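As you go down the protein sequences, you meet chains A and C in turn.
Okay, so the first sequence: first residue is 1 according to this note's numbering, each after it adds one.
Okay, so the second sequence: first residue is 1001 according to this note's numbering, each after it adds one.
Note that these hints are calculated values from the structure, not bench results.
Some hints could be false.
Here's a subset of chain C near chain A, in silico, CB distances under 8 Å, partners left out [claimed, not checked]:
| no. | residue |
| --- | --- |
| 1 | 1040 |
| 2 | 1042 |
| 3 | 1043 |
| 4 | 1046 |
| 5 | 1053 |
| 6 | 1062 |
| 7 | 1169 |
All figures in this text were calculated on a predicted structure; none of them were measured in a lab.
We treat Cβ as the ideally placed atom computed from N, Cα and C, and that holds for glycine.
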Amino acid sequence: MSHEALIRSLVKQVPPVPRNTARRRIVLALLGGGAITLVLVLFGLGVRADIGAAAFTAPFWYKAAYTASLAACGLILTLQVARPDTTRLRWAWLWAAPLAVMGAMCALELASTPSWKWAARIMYPPWSCPLIVLMLSAPVFAALALAFRRLAPTNLPLAGAALGLVSGAVAATLYCLYCEAVSPLYIFTRYTSGVALATMAGAILGPRILRW
Amino acid sequence: MAATESQLKALMIGGLEGDAGAHAELLAALVPLLQAFFRRRLGDGHAEVEDLVQETLIAVHNRRASYDRDRVLSAWIFSIARYKLVDYFRRMRRHVPLEGLEEILVTEGFEAAANARMDVDQLLGGLSSKQSLAIRRTRIDGLSSAEAASHGGISESDVKISVHRGLKLLAARLTGSAR
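Just chain A, with the same shape it has in the complex (with noise of 0.2 Å):
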C-alpha cells in the first residue's frame, strides 16, 4: 500500500481527542476495575463483620491511608509512562514514602513487643494475604491495560510495574475492607508484599501485554 492510500485510509475517522484524554483513560480504567475488585470483596470475600466499630478506630484508616498513598505514587507514574517522549521519571521513588512511614511504625510495634516473639508475630497469620491482593488486582490491571491501548509507553517492563504498582495498592487498599488485622507489622509485611507482587507481575506482563 502506498504511503498516500494508507493516509486516506487513516483519515477517514479523525475524531477529536480533547487534551486530558490520557489522564481521563486512566482515571476511569482505576474506576472501572476498582468496581469490579470492589464486588469481588463485597461477594468473594464479604465485609468484616466489624465494620461498624472498625470503622472509627485508627488502624482501620492507616492501613487505608498507606495503601492509597502507595496508589497514588503508582498513579504519578503510570500518568508519566503513558506517554512516548517521557525521558525523566518524576518522583520516580516517591513510594519509598510510605514504605519509610510504616516501617517505623513497626519498628515501633517490635520495640514495644519481647524479641522472643518477633518471629511468631511476623509468621503469623497466613501468608495468603499476599496473593489475595495479586488477584484482586487483576481487574484493575486489565482495565488499564485497555486503557493503555490509546496511549503510548515506550519502556514496556517500566509501564507494566508502574500499572502492577498502582492496581496492587488499590486492590490492596480495597481488601481492607475484608481484612481485620491491626498489626503495622502484619500490614507491613503482607500488604507491601502484595503490592509487591503486583508491580512484578506487571513487570513481567508489561512488554506482552502493553506491545504496540
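Got chain A; can you put chain C on it based on the hints?
Same frame as chain A, but now just chain C:
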C-alpha cells in the same frame, strides 16, 4: 519547503480538534522526515524503511491521546519512531545503535535534523573545548573512546565523562529553549 516544529504542531492540534484535513497534511508532511530518520539508521534496506514509516504513521494516528500539547511535537513523533525502530530490531534480533547527539539535534528542528544539515559547530561551540572535542571525536569522527583518549592525551573514562556531561548540557539547553 521546510516543515517547522510550529507548522507541524499547528497541524497536529488541528487534527486533535477533529480537522481531518489538517491531520492528513500532518501525516503527509511526516513521511519524508520519517523516511530520512529510518534511512539514516537502517542504511538502504528500502522496503523495511517504508514499512517502518507506515507503522509509525499508524501509531501516530492511533495513539494521539499520548501527545501533550504543551510539549515539543518533534520529540513525541521521533520517540514513537524510535520505539518502532527498537521493536523492529527486537524482532530481527539486531543490536540497537546508541542514540546521543542525533536525539538532541532532533528536538531542535525537524528538517535540519533529518537531513543532518545542523550547524554542529554552533551547537558544540557552547561547550568547553574538552567536551566538544570529546563529542566530535567519538560521535562525529567515529573514533572509539580509547582512540579519542589517546589522541587527546587523557584517560578513556575522562573522554566518556566529558561526552556524557557535554551531551547533558546540550540537551538541557535545547529542551530549555525549545519550550
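Checked hints:
no. : hint : result
1   : 1040 : 18 Å, violated
2   : 1042 : 17 Å, violated
3   : 1043 : 20 Å, violated
4   : 1046 : 13 Å, violated
5   : 1053 : 7 Å, holds
6   : 1062 : 7 Å, holds
7   : 1169 : 15 Å, violated
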